[in-house]
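Engineer: Sequence:
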Amino acid sequence: MLAPEVPMSHSLAGEPPSAGRRAAPLTTAVYSAAEWDLLTTLPGRVLVAAASPAPGRPPRGVAEGLAGLDAVAAGRASDSDLVRAVVAAIYARHDGAPMPDERLADLVDLLAAARAAVRVLRRRADPADSAAYRQWVESVAARVCHAAPSPAGVSPADRRLLDRLAGSLELR
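Our numbering numbers the first residue of the sequence shown as 3 and each following residue consecutively.
Hints are computed from structural coordinates only; laboratory data are not their basis.
Yeah, the Cβ is synthetic: ideal placement off N, Cα and C, and Gly gets one too.
It is possible that part of the hints are untrue.
[Unchecked claim] Just the calculated beta-carbon pair ranges, DEER-fashion:
(1) A65 x R124: 32 to 38 angstroms
(2) A36 x D128: 33 to 39 angstroms
(3) V64 x R95: 19 to 25 angstroms
(4) A159 x A36: 30 to 36 angstroms
(5) S152 x A130: 15 to 21 angstroms
(6) R125 x G169: 16 to 22 angstroms
(7) P61 x R124: 18 to 24 angstroms
(8) A114 x S34: 17 to 23 angstroms
(9) S54 x R125: 17 to 23 angstroms
Generate coordinates for the entire structure from the input sequences, incorporating the hints supplied.
Structural biologist: Written as structure tokens, this is what we have:
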């Protein structure tokens with residue numbers, strides 16, 4: 003059975019929805035439900051991975067988590083229709099239901115998901131939207147890592163995480 007398609011095209015940002023209906027973001031590509039789920043869950047998975055304790059990394063606290071949430075929210079001001087649509091979907095989706103921990107914290111799976119998102123974006127997104135999305139997702143991890151207290155700046159373990167994520171997102 004084919005997954006339902008989620009149409010996307012240039013957004014009507016700032017225009018109110020019609021009476022009784024939610025405005026659907028419009029962009030130039032069409033994503034399947036599975037592709038859209040991948041694109042909308044990846045930023046949260048990156049935030050959790052960057053904020054989770056790991057050997058060689060400074061302890062994480064509220065400030066680091068808030069920095070990651072702020073980075074996700076910053077996508078609302080993006081020039082990219084895709085990034086704004088993903089942020090809107092993230093905010094619309096959160097109903098308090100937790101995602102399984104093992105899906106969120108496993109770095110190998112996270113990097114594989116990032117590579118899969120790049121493949122989806124390569125096939126379906128405008129190159130500018132693809133670049134904006136990938137840079138925005140990387141910025142989520144960077145903001146968490148830079149918020150962590152470390153006398154020498156970003157720890158070597160955090161630098162490895164950021165480098166591996168950037169590589170998976172084809173930013174380096």
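Engineer: None of the hints should be skipped; say for each whether it holds.
Structural biologist: Tested hints:
1. A65 x R124: 32 to 38 angstroms: Since A65 and R124 have Cβ atoms about 35 angstroms apart, the given range 32 to 38 angstroms holds.
2. A36 x D128: 33 to 39 angstroms: 20 angstroms, violated
3. V64 x R95: 19 to 25 angstroms: Given range 19 to 25 angstroms: holds, Cβ gap about 23 angstroms.
4. A159 x A36: 30 to 36 angstroms: 32 angstroms, holds
5. S152 x A130: 15 to 21 angstroms: 34 angstroms, violated
6. R125 x G169: 16 to 22 angstroms: 20 angstroms, holds
7. P61 x R124: 18 to 24 angstroms: 37 angstroms, violated
8. A114 x S34: 17 to 23 angstroms: 18 angstroms, holds
9. S54 x R125: 17 to 23 angstroms: Violated - the Cβ-Cβ distance for S54 and R125, about 31 angstroms, lies outside 17 to 23 angstroms.
Against the hints set out earlier in the document, violations occur for numbers 2, 5, 7, 9.
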